[in-house]
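**Student:** Chain by chain, the residues run as shown.
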Amino acid sequence: MKFSVIIDALPHLLGAAVTTVWISLLGVMLGQVIGVLVCVARQSGSRAADMAGGVYVSFFRGVPLLIQLLLIYYMLPLIGIDVPPLVAAIGALSLASGAYVSEIYRGALNGVPHGQSEAALALGFPAPTIWTRILLPQAFRISVPALVNELILLLKASSLISVVGVAELTRTSQTISASNYRPLEIYLAAGLIYLAINGALAAFGALVERRLQQG
Amino acid sequence: MPAMTETETKPRLDPAVPMVSVRGVGKSFGANVVLRDIDLTVNKSEVVCLIGPSGSGKSTLLRCINFLEVYDRGEIRIEGKLVGYTEAAPRRQLSNRELRDLRRNVGMVFQQFNLWPHMTALENVAEALIQVRGMDKAAAVAHARRMLDRVGLAEKADSYPARLSGGQQQRVAIARVIAMEPHLILFDEPTSALDPELVGEVLQVMRDLAADGMTMVVVTHEMGFAANVADKVAFLDRGRIAAFGPPREVFHESGEPRLKQFLQTYHERNSF
Chain A
1 MKFSVIIDAL PHLLGAAVTT VWISLLGVML GQVIGVLVCV ARQSGSRAAD MAGGVYVSFF
61 RGVPLLIQLL LIYYMLPLIG IDVPPLVAAI GALSLASGAY VSEIYRGALN GVPHGQSEAA
121 LALGFPAPTI WTRILLPQAF RISVPALVNE LILLLKASSL ISVVGVAELT RTSQTISASN
181 YRPLEIYLAA GLIYLAINGA LAAFGALVER RLQQG
Chain B
1 MPAMTETETK PRLDPAVPMV SVRGVGKSFG ANVVLRDIDL TVNKSEVVCL IGPSGSGKST
61 LLRCINFLEV YDRGEIRIEG KLVGYTEAAP RRQLSNRELR DLRRNVGMVF QQFNLWPHMT
121 ALENVAEALI QVRGMDKAAA VAHARRMLDR VGLAEKADSY PARLSGGQQQ RVAIARVIAM
181 EPHLILFDEP TSALDPELVG EVLQVMRDLA ADGMTMVVVT HEMGFAANVA DKVAFLDRGR
241 IAAFGPPREV FHESGEPRLK QFLQTYHERN SF
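Order-wise, the sequence lines are chains A and B.
Taking full-length UniProt numbering, the leading residue of the first sequence gets 1, the next gets one more, and so forth.
Taking full-length UniProt numbering, the leading residue of the second sequence gets 1, the next gets one more, and so forth.
Just so you know, these hints were derived from the structure itself, not from any lab.
The model shown is predicted, which means the values in this text are computed figures rather than measured ones.
Heads up, a few of these hints could be off.
Derived CB-CB ranges, DEER-like [to be verified]:
(1) N149/A <-> Q204/B: 43 to 53 Å
(2) N96/B <-> N149/A: 29 to 39 Å
(3) N96/B <-> A146/A: 28 to 38 Å
(4) S44/A <-> V70/B: 51 to 61 Å
(5) E98/B <-> A48/A: 22 to 32 Å
(6) P11/A <-> N96/B: 52 to 62 Å
Far from chain A, some chain B residues (derived; all Cβ distances over 12 Å) [claimed, not checked]:
(7) S21
(8) G55
(9) R207
(10) F251
Beta carbons: idealized from backbone N, C-alpha and C, even for Gly.
Chain A on its own, in the form it takes in the complex (with noise of 0.2 Å):
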C-alpha cells in the first residue's frame, strides 16, 4: 500500500466524485417527477393509464439496469436518436428511478387514510388539488426514508454508467489505476468516498426525517 498514490489522485477523484453526485441527484430528481406522475396515473382510474404504468414499472423494475443503460445507449441511434452518453446514463437512471419511486408512493398512498381526501372532497376541493395539497404531501412524508434508501441505491448504481464511457468516479478509479497500476489503493479510495457520500446522505435524510415529524 502506498498512499501517496491516494494523495496524488485525489483531487482527479474527488472532481469524479463531484460528477457522480451531480449525475445521482439529477436521475434522483427526474425519477422524482416520473415517478409521481406514473403513481397519480396509476390511481386516476383510466385503466388504459394503469397499464401502461404497470408495463412501465414492470420493465424497469425486471430489467436489470446495466442492460437498461446499454439498450438506451445502443438502440436509440438505430432509429436515429444519437444519445450522448451523459444523456444517456442520466435518462437509464431517471427511469429506473422512477419506475422504484411510483411504488413507494404507492405504498404511502395505501398508508394515507381515506377520510383525509374525504374531507377534502366534502369542503368542494377540486381532485388536482386533492392531490397537491393532501394527499402528495403526507405519501411524500411516509416515503422519506424510503426514498432515502432509493438515492442512496442509485448513487452507488451510477457507478453501472462508467460502461457507456461517462467519467465518473468508478470510470476514473479504472483510468487511473490503469495508468499507474495501483488499483488496489484507488479502488480503496473510490469506495471510501461513496461511502462517505453515502454517510452524508443518510444524515441529511434522518434530518429531513426530523423536520416532517414535528407535525
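Since the structure of chain A is provided, determine the placement of chain B on it from the hints.
**Tutor:** Frame of chain A; chain B shown alone:
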C-alpha cells in the same frame, strides 16, 4: 365575512323550500339493501338526529345527502336542487365540477375528525377558504382565526392535530366546516371516537351552532343530545325510518317495538 360577498351564487333562502328533502331513496351494496324507501324532510334551522342500531343505514343516509355515497333510487334535494344527478330523465350522475358546486353549501363533520396532519389547526381551517373559496391567504388566515376562536381554540391555532386532544381535534374540524359558511352541516357520529370526558365540549359547540340557527343533520348515539337539542328525531332500523317526530314523541310515545328495544338497551348500557 367581508371576502364572501357572493350573494349572486347563493340561492334565495325561500322558507317554503326545505333545506333537505329525501323522497323514496334506496341504496344497495350488491344484494345487500342498506336503504329502503327513505322519506325525510329537514327544514331550515332544524336539527334532525338520526339514531338507530349500527348497520341500520343512518351513516349511509347521511353520506348520500352530500353524495359521498351514491344512492340508487329516489331523490334527494338540498334547497330544491337535486343531489348528484341531472334533473332531466334519464338522469345521469353530475360531473365532479357540478358536485363541487353542490357541496359548497354543505359541511360535513366526521367521526374520525379527518384533520390533515401535515397542517396546523389554523392551516386546516384556512386551506379550503384558499383552495375552494379563492380567498387570499391573509384574509383566509384572519377568518380562520375567528372560527377557531368561535370553537374556543384560538390559542391552539399553531398546534398540529397530533398535539390536540380528540375533543379539540373535532372542534377544529367543526371550525373548518363553519368557516365555509355552509347552509347545512352533516355530522357523522361526531363524538363516537372520543373519550367520554371529551364528548361534552364537542356537544356544546354543536349546541351553540344549533342556537345560532344552523341546519344540522346529526347521526349520533348521544340520546341526551338528541332529546334536548333535536327538533326531530328519526329512528332507523334495517334501512327504514321506523319512527320520526319530535324527540318527546319518539322517545316516550312511540309504540314501535324495535325502537323500544333499542332505547332499552341504551338505558341498560348507560346506567350503573
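**Student:** Each hint: holds or not?
**Tutor:** Results of checking the hints against the structure:
1. N149/A <-> Q204/B: 43 to 53 Å: holds, 48 Å
2. N96/B <-> N149/A: 29 to 39 Å: With a Cβ separation near 36 Å, N96/B and N149/A satisfy 29 to 39 Å, so the hint holds.
3. N96/B <-> A146/A: 28 to 38 Å: Taking Cβ atoms as reference, N96/B and A146/A lie about 31 Å apart, which means the hint holds.
4. S44/A <-> V70/B: 51 to 61 Å: The hint (51 to 61 Å, Cβ to Cβ) is violated, given that S44/A and V70/B are roughly 19 Å apart.
5. E98/B <-> A48/A: 22 to 32 Å: holds, 25 Å
6. P11/A <-> N96/B: 52 to 62 Å: holds, 59 Å
7. S21: holds, 20 Å
8. G55: holds, 19 Å
9. R207: holds, 22 Å
10. F251: holds, 30 Å
When the structure is compared with the earlier hints, a violation turns up for hint 4 alone.
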